[in-house]
Structures are given as structure tokens and as C-alpha cells.
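Peer 1: Sequence:
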Amino acid sequence: MTTVSDAATSASATASDGPEADSAERTLRHTKVRAAMAENGLDAVLAYGPGWRRENVRYFADARVTGSSSFVLFPASGEVAAFSTRRSDLPELRRRGWVDSTDTLDVWDPAPLTDRLRDLRPRRIGIAHYELLPAMLANALRTALPGTEIVSATSLLDGVRMVKSDWELARMRRSAAVCAAGWDAFVDVLEPGLPEYRIVAEVEARIKELGAEDNFMLIASGKDEVRGMTAPTPRVLQAGDMVRTELTPQMDGYWLQICRSAVVGKPSEGQYRSFDLFNEAVEAGMAAVRPGVTAHDVAKAQNDVFRAHGYGEYCTSQYTRVRGHGHGLHLDETPIIEGNETVLPENAVFIIHPNTFTPLAGYHVLGDPVRVTADGCEVLISTERKLFHSEKGVSA
Numbered sequence: 040m041t042t043v044s045d046a047a048t049s050a051s052a053t054a055s056d057g058p059e060a061d062s063a064e065r066t067l068r069h070t071k072v073r074a075a076m077a078e079n080g081l082d083a084v085l086a087y088g089p090g091w092r093r094e095n096v097r098y099f100a101d102a103r104v105t106g107s108s109s110f111v112l113f114p115a116s117g118e119v120a121a122f123s124t125r126r127s128d129l130p131e132l133r134r135r136g137w138v139d140s141t142d143t144l145d146v147w148d149p150a151p152l153t154d155r156l157r158d159l160r161p162r163r164i165g166i167a168h169y170e171l172l173p174a175m176l177a178n179a180l181r182t183a184l185p186g187t188e189i190v191s192a193t194s195l196l197d198g199v200r201m202v203k204s205d206w207e208l209a210r211m212r213r214s215a216a217v218c219a220a221g222w223d224a225f226v227d228v229l230e231p232g233l234p235e236y237r238i239v240a241e242v243e244a245r246i247k248e249l250g251a252e253d254n255f256m257l258i259a260s261g262k263d264e265v266r267g268m269t270a271p272t273p274r275v276l277q278a279g280d281m282v283r284t285e286l287t288p289q290m291d292g293y294w295l296q297i298c299r300s301a302v303v304g305k306p307s308e309g310q311y312r313s314f315d316l317f318n319e320a321v322e323a324g325m326a327a328v329r330p331g332v333t334a335h336d337v338a339k340a341q342n343d344v345f346r347a348h349g350y351g352e353y354c355t356s357q358y359t360r361v362r363g364h365g366h367g368l369h370l371d372e373t374p375i376i377e378g379n380e381t382v383l384p385e386n387a388v389f390i391i392h393p394n395t396f397t398p399l400a401g402y403h404v405l406g407d408p409v410r411v412t413a414d415g416c417e418v419l420i421s422t423e424r425k426l427f428h429s430e431k432g433v434s435a
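Numbering (my numbering), first residue to last: 40 to 435.
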């Protein structure tokens with residue numbers, strides 16, 4: 040079992056911390072982004088961060104912002120500027136020292152941003168999350184830059200962020216330690232009569248104690264009637280229930296997920312058979328991982344296990360098709376799904392989870408986050424992959 044002190048130790052500072060390491064990471068990011076910009080003929084990248092998609096702003100600024108809209112303007116050469124609709128974000132942006140100047144942003148009159156762009160006289164700029172940019176801001180940019188070609192840079196930055204540095208991996212390993220502690224808290228509290236929201240409350244308390252910034256968590260309890268997960272409900276646990284979760288803490292900006300299921304009381308034969316099927320699929324997905332493999336390949340390896348056992352229909356869009364997804368500064372990056380030909384390079388991080396419904400025991404949740412290594416993959420969490428169960432409060 041992972042204790043709070045154990046996890047806190049695992050999540051403590053590493054050699055990848057400190058001003059020198061931070062400066063080296065900033066330089067590395069600038070080099071990577073500018074190389075991608077040169078390949079795409081961009082004079083500047085404008086990273087847009089709406090309230091729910093701030094990963095690119097954080098990639099450039101290494102700062103946690105809370106404004107409804109934020110931007111980082113990254114030119115091919117020269118100073119990096121950050122803007123936010125929330126004035127209280129500016130000290131945090133300056134504190135990290137990754138941007139050279141900051142200013143507040145009025146979405147109705149974004150003059151500080153448009154003036155800075157106009158001064159650059161760019162021929163071609165890329166906007167990350169251009170697809171999410173409100174019309175009034177898009178129109179303001181077009182008006183300020185009448186002769187400039189404006190294109191999306193969303194895929195460009197997705198690709199740059201996919202390969203994790205040692206600095207980033209150190210932070211993701213802290214998230215991994217918190218995943219383990221969160222799962223321990225989940226299992227420790229299970230007993231008949233407990234509502235789902237109490238389970239989530241215990242997990243939240245444990246991981247926030249360890250410094251988690253945030254947590255994305257879904258849950259479902261019940262037997263073979265369960266078809267998927269939701270936010271926690273008042274439903275009360277009963278003996279024989281399988282309780283499923285995906286638990287996704289964020290540490291230092293980086294998200295990592297653990298997927299597990301546990302039974303209240305003694306597991307049934309169907310629940311054990313379900314675990315064996317899903318574990319075989321996870322292992323098949325891991326065996327497929329190597330540098331250059333595609334998301335399609337990893338998904339197909341998992342789905343082929345279900346097909347071989349006669350459960351192929353449960354890998355279709357009628358049930359659940361996604362077999363995992365990337366991790367990083369956004370919790371749900373490139374999907375691991377058949378048809379996605381995105382190449383997964385060395386040091387990409389994603390979770391392998393074949394979560395879906397089958398008639399064996401209903402919806403089953405099982406998965407581990409992995410890092411692509413030179414010859415395979417590294418599992419990033421220490422929690423055993425097994426069908427957990429709790430006898431607490433269960434009559435013999």
C-alpha cells in the first residue's frame with residue numbers, strides 16, 4: 040500500500056528541478072517550437088488558451104492561469120509575450136520567468152495583443168486552438184493583420200508536446216505516485232452502504248494532501264448492468280458490486296491516469312473472467328508499443344483480444360471504441376483508437392485502457408499509463424494490475 044508519506048517522497052523534487060533545469064527546459068521548448076515553425080513557414084505562433092484548453096499556454100509559460108482567455112505570443116525571434124483576461128494571472132506568469140512581458144486582455148478590445156502582432160509584421164502566423172477562438176477575437180486579429188495568412192497551429196503544438204523531456208517525465212512520475220495513493224484511498228474506503236460521492240471525496244482529500252492541482256475522475260458501481268461511468272452519484276454500494284474508476288490527478292501541470300476496478304466482497308466467477316480478458320488486452324496493447332508504432336496499431340492489438348474471445352462487437356461505436364489516450368499538459372491527448380494513424384515516438388506518454396462493456400461483468404475498467412522506450416514501453420505506475428476487492432463490512 041502507498042502511504043501519504045511514501046507518495047510525498049516519490050513526488051518530491053528531483054534532479055530535473057531548479058532554476059538551471061527550468062532554464063534548460065525553456066530553451067529546449069523554444070528550439071523545438073522554432074524548428075516546427077520553420078518547417079511550416081510560420082513567423083509567429085499564438086497559443087490560445089480558453090478556460091478548458093490551457094495546455095499550450097502552460098507549455099510556453101510554465102504557469103497555471105485561470106482567466107477565461109489567455110494567450111502566449113511566440114515569434115520566430117524576439118521576446119515572448121503573455122496575455123490574460125484575469126489580472127491576477129500576471130504575477131504568476133512573471134514569477135516563472137518563461138515569458139518576457141505580460142499584459143491584461145480585454146476580449147472586446149484586445150489592443151495590447153493586436154498591437155504586438157502588428158509590430159511583428161508577420162507574413163504567416165499559426166494559432167494553436169484557432170478552432171476554438173471566439174469570432175470577435177478572430178475578427179480583431181484579421182482586422183489588425185490584413186495582409187497576414189492566419190492558419191491553425193493546433194496540430195503543430197500537439198506534435199511538439201507529444202515527446203516528453205526528462206524534465207516533463209519527472210513531473211509525470213510525481214503524478215504516478217499520486218495515482219497510486221489515490222487508488223489506495225479508493226479501495227480502503229469501499230464497503231456496503233457507502234455512496235459513490237463519499238469514495239470520490241476520500242480520493243480527492245488524499246491526492247490534494249499530496250499537492251494535486253486537480254483531478255478528473257469518473258466512477259460507476261453495480262454489477263453486470265453497468266454500461267459506463269459518470270460523475271459520482273448518491274448510489275449506495277452493495278455487496279457484490281464492482282466499483283470502477285478512472286482517476287486522473289494533475290501535478291505540476293501534468294496529468295496521469297490509473298484505471299482499475301474493485302469488488303465489494305468476494306468477486307464472482309464472471310468478474311474474474313472479465314478481469315482476465317481485460318488484462319490480456321492491456322498486455323497485448325503494451326506488447327505492441329515501440330517507437331514508430333501508431334495509435335491504430337496499439338488499439339488494434341487490444342481489440343484483437345476481444346475479437347479472438349468472441350467479444351469483438353463490444354469494441355465498436357455501439358459500446359466503447361477508444362483504447363486509451365495521450366497524457367501530458369492536457370488529460371486527454373491523441374486517442375488510441377483504430378483509424379488514428381498518429382505515430383507514437385519514443386518518450387510519448389499515453390494510457391492503455393480497453394475499458395468497455397461485456398456481458399461477463401458489465402463495464403470493466405483496467406489500464407496503465409506507459410512511456411514509449413527505445414525497445415518497448417515503461418509502465419509508469421506501481422499499482423498492481425489485479426481485480427481488487429474489499430471485505431470491509433461484508434458479512435461472511
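No wet-lab data here; the hints were simulated from the structure.
Computed from a prediction, not measured in an experiment: that's the story for all the values here.
C-beta: ideal position from N, C-alpha, C; glycine also.
Do not take every clue at face value.
Said to hold, decoys possible - Calculated lysine to aspartate or glutamate pairs in the EDC-like style (CA-CA distance at most 20 Å, straight line): (1) K305 x D291; (2) K247 x E319; (3) K305 x E372; (4) K431 x E230; (5) K425 x E319; (6) K71 x D142; (7) K305 x D263; (8) K425 x D291; (9) K71 x D154; (10) K431 x E417; (11) K247 x D227; (12) K247 x E235; (13) K71 x E372.
As the list claims (entries may be wrong) - Simulated restraints, written as ranges between beta carbons of each label pair: (14) Y311 x G378: 31 to 37 Å; (15) E308 x P173: 53 to 59 Å; (16) E188 x S62: 30 to 36 Å; (17) A347 x E170: 17 to 23 Å.
Peer 1: Take the hints in turn and mark each one as holding or not.
Peer 2: Against the structure, the hints come out as follows:
1. K305 x D291: The given pair, whose Cα atoms are some 38 Å apart, is violated under the 20 Å limit.
2. K247 x E319: Roughly 33 Å between the alpha carbons, so the hint for K247 and E319 is violated.
3. K305 x E372: violated, 36 Å
4. K431 x E230: holds, 5 Å
5. K425 x E319: holds, 11 Å
6. K71 x D142: violated, 25 Å
7. K305 x D263: holds, 15 Å
8. K425 x D291: violated, 29 Å
9. K71 x D154: violated, 26 Å
10. K431 x E417: This hinted pair is violated, its Cα atoms lying about 34 Å apart.
11. K247 x D227: It holds: about 17 Å lies between the C-alpha atoms, which stays within 20 Å.
12. K247 x E235: holds, 19 Å
13. K71 x E372: holds, 19 Å
14. Y311 x G378: 31 to 37 Å: Hint holds: Cβ distance 32 Å, inside 31 to 37 Å.
15. E308 x P173: 53 to 59 Å: holds, 54 Å
16. E188 x S62: 30 to 36 Å: Once the Cβ atoms are compared, 33 Å apart, the range 30 to 36 Å for S62 and E188 holds.
17. A347 x E170: 17 to 23 Å: violated, 39 Å
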